[in-house]
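> With chain A fixed as given, assemble chain B onto it according to the hints.
So you can see what is in the structure, the chains are spelled out below.
Protein chains: 2
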Amino acid sequence: MRAEIISVGTEILLGEITDTNSQYLAARLPAIGIDLYHQSTVGDNLARLSEAIERGLARSDVLIITGGLGPTDDDLTREAIADVLGETMFVDSEAENRLRAFFTARGVSFPERNVKQTMLIPSATAIPNPRGTAPGWWVEKNDKYIVAMPGPPAEMQRMWEHEVEPKLAQLGGAGVLVSRVLKTIGVGESHIDEMIAPLLNSANPSIGVYAKPDGVHIRLAAKADFQEAAWVLIAPVEEEARRILGTIIWGADNDTLEGVVGDMLDARGLTLATMESCTSGLLASTITDVTGAAQYYKGGFVAYSTQMKMGLGVSADIIEQHGAISAEVAGAMAAAARRDLDANYGIGITGIAGNDEVEGKPPGTMHIAVAGEFGADNISYTFYQGRQATKRRAVTTALFLLRRTLLAQAG
Amino acid sequence: MRAEIISVGTEILLGEITDTNSQYLAARLPAIGIDLYHQSTVGDNLARLSEAIERGLARSDVLIITGGLGPTDDDLTREAIADVLGETMFVDSEAENRLRAFFTARGVSFPERNVKQTMLIPSATAIPNPRGTAPGWWVEKNDKYIVAMPGPPAEMQRMWEHEVEPKLAQLGGAGVLVSRVLKTIGVGESHIDEMIAPLLNSANPSIGVYAKPDGVHIRLAAKADFQEAAWVLIAPVEEEARRILGTIIWGADNDTLEGVVGDMLDARGLTLATMESCTSGLLASTITDVTGAAQYYKGGFVAYSTQMKMGLGVSADIIEQHGAISAEVAGAMAAAARRDLDANYGIGITGIAGNDEVEGKPPGTMHIAVAGEFGADNISYTFYQGRQATKRRAVTTALFLLRRTLLAQAG
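Chains as they are written, first to last, in our numbering: chain A, 902 to 1312; chain B, 902 to 1312.
The set of hints was computed from the structure by calculation and includes no laboratory data.
Some hints could be false.
To be verified - Across the chosen pairs, the derived CB separations fall in these ranges:
#1 B:Gly1008 <-> A:Gly1261: 15 to 23 Å
#2 A:Asn1043 <-> B:Asn1043: 31 to 39 Å
#3 B:Asp1167 <-> A:Glu952: 51 to 59 Å
Unchecked claim - Lysine-lysine pairs mimicking DSBU-like chemistry, simulated, CA-CA at most 35 Å apart:
#4 A:Lys1045 <-> A:Lys1068
#5 A:Lys1124 <-> B:Lys1017
#6 A:Lys1113 <-> B:Lys1045
#7 B:Lys1113 <-> A:Lys1113
#8 B:Lys1113 <-> A:Lys1017
#9 A:Lys1262 <-> B:Lys1068
#10 B:Lys1017 <-> A:Lys1262
Where a beta carbon is used, it is the ideal one built from N, C-alpha and C, also for glycine.
The following block holds chain A by itself, in its conformation from the complex:
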């Protein structure tokens, strides 16, 4: 069964609001056996909206439309559906009563223009919307289905979960899609591609390789009649990918690097402290995005100035000799954080996140160190992608380095 999403709203085409509904719906469809081949956005324009619906009906079985169900003149989704199907709208008295009651319950007089929201066509039934004034439309005609839902995400999501998804799941019938994402770090996209080349011919599960901010992801997606059968298809391919890639894989699905590293620390009863310069607290903030981080994270310093670094025990000699942006200073910061907060591991980061040279070093210069009882390890690189992405990459690299250290210590 093939579906298509149409988002309606000039505001979206002007970039004034984000269309989060499309992603929400896209993520829900695979599990009920419905394939999404097209998504499109059209403005509040009757001709273009009708054209989009007509094309959708020609190439898809189910059209899911969000937006354009409000009470004003530029809300045109009902009109466009009626137009394409050649049907005439009429007031649904039951829906009208519900809507009048909705306003009465809030002590607000009923704006007569809202009667528009109670209209139907012969092929449509109203879908209740307890969170707003616009009922949805469920339309069946010529073996095609059209679902129209309101644009506000809270209204749309409730309607989808309680009313629409259960009905569509019954139509879906044959075939569900499930997926497993394996997350790697430390090896580039093309090299991962080469390593798992023997698996890439697989059609079911299909395999995709994607570069992400937290490393390269490998996505295995299997189709089958039932979820259990799809997982059976995924299992041997996943096993082989895990065998080939080993510890290059750090997690799966919704795992985060900070969560995985946190679990490693927690399981061994180890603690961590940080001292950051250019990332300026982003590492600390990321580490504590994990529930229970207080078990292993002892705290950190945002040592933005050389003076503060020295006050915390980074020696003036090292700074003088190598500059504040150096692998040596990163190491001294990691050691100082560990010592000051009495932690098993310390992480130090110093680099250039802004777009100006510092100490004659280019933007994106980055030095990251981990210190522990074993001594120290560090990574240095230069890669500038703007302040935010540069900070984010440094944080990811720091977590990668700590994971590498913890793996080595375990072995």
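Just chain B, lined up with the frame of chain A:
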């Protein structure tokens, strides 16, 4: 001039990633006089992608494509464009040299499959991409334009701003839409609506009021033949809105609260230090997202444990008496940060960002304090929206509190 955006990627249609590129691009087009009538998403499928490009060329003047420029077999944007235009791809040796140099600079051997990213067709020229391996394509044929850019937002945005937008702006021509966004904080959306009610009838500029994470935004949008004429329409309405709202407005357009507060500190030669518990470095990281923050930001502490707070000078008595999550401790943290780092102002934050009760206090409990020579000021509230949003709101409130303090001190 009529444009259309095509986002390419099966991942988007599976709901696995959000297509933020479309909104970014949609928001940039009005100012260069280009109308966006359609946006659509297609998967990594040659037939459907070619079909989308063909339809786009039939109804639009400019096609803006993002995604599908990676090195792997399922990256098909180049192939689809070549297909629709009936042209044959060849290796662009200049681009190949650039790409080989990119890998060499990073000490990584060149994966031969990446040669694919250096291909062109006769109608296309390569658009440089200093942030990644995939150059873009600028295609001109039969008075139509196709721009293909890589999917990763950091790469796409740089390419758009530096290479594509300036060229498209020259093509644009008659009729532009410009907008001014006034940003407020501390007053709710409906109250703002009431205050500026006399302005809301304006048709050109049109006026919209939107609740955002950093306060309520008021958007004035004017249409005219040229940018200058549109700004003349906006000026009197903006002036009146500024007169009504006064210091409730903290900035405009791309201003950030951290930038505005940083400018206030910088202009008066004042300095700032922070001590954070539940936000755990996010305030420090946000403050230093501003270029030049080193001028006024002396550094900070992520005092995640009670022990660390005490080590930094927060008295055990205060913690004992009021609990670690209290206005009194926030005040003591602000004072300690200020004292330890010898700054004019200190900010302290303590609260609950996780979804469990602490000290019998509910999730979302938040205490924020500013300390200075004048004494201290603070804000406390309880509002839980999940960890990330709760941390973000606390950071915004801390910056709002510092701004309020600085305004009061100036007066």
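> Hint by hint, say whether it matches the structure.
To see whether the hints hold, each was checked on the structure:
Against the hinted window of 15 to 23 Å, the Cβ-Cβ separation of Gly1008 of chain B and Gly1261 of chain A comes to about 21 Å, which satisfies the hint. Separation of Asn1043 of chain A from Asn1043 of chain B is about 38 Å and conforms to the stated range, judged on CB atoms against 31 to 39 Å. Range check, Asp1167 of chain B to Glu952 of chain A: Cβ separation about 54 Å, and the 51 to 59 Å hint holds. In summary, the hint linking Lys1045 of chain A to Lys1068 of chain A is supported, as the alpha carbons are separated by about 14 Å, within the 35 Å threshold.
A distance of roughly 30 Å separates the Cα atoms of Lys1124 of chain A and Lys1017 of chain B; the hinted pair therefore holds under the 35 Å criterion. For the hint linking Lys1113 of chain A to Lys1045 of chain B, the alpha-carbon distance of about 33 Å falls within 35 Å, and the restraint holds. Our distance criterion of 35 Å between C-alpha atoms is met by Lys1113 of chain B and Lys1113 of chain A, whose separation comes to about 28 Å. Pair hint Lys1113 of chain B plus Lys1017 of chain A holds up; C-alpha atoms about 30 Å apart against a cutoff of 35 Å.
Between Lys1262 of chain A and Lys1068 of chain B, the direct Cα distance comes to roughly 33 Å. Compliance with the 35 Å bound is thereby established for this hinted pair. Annotation: proposed proximity of Lys1017 of chain B to Lys1262 of chain A holds, straight-line Cα distance about 33 Å (limit 35 Å).
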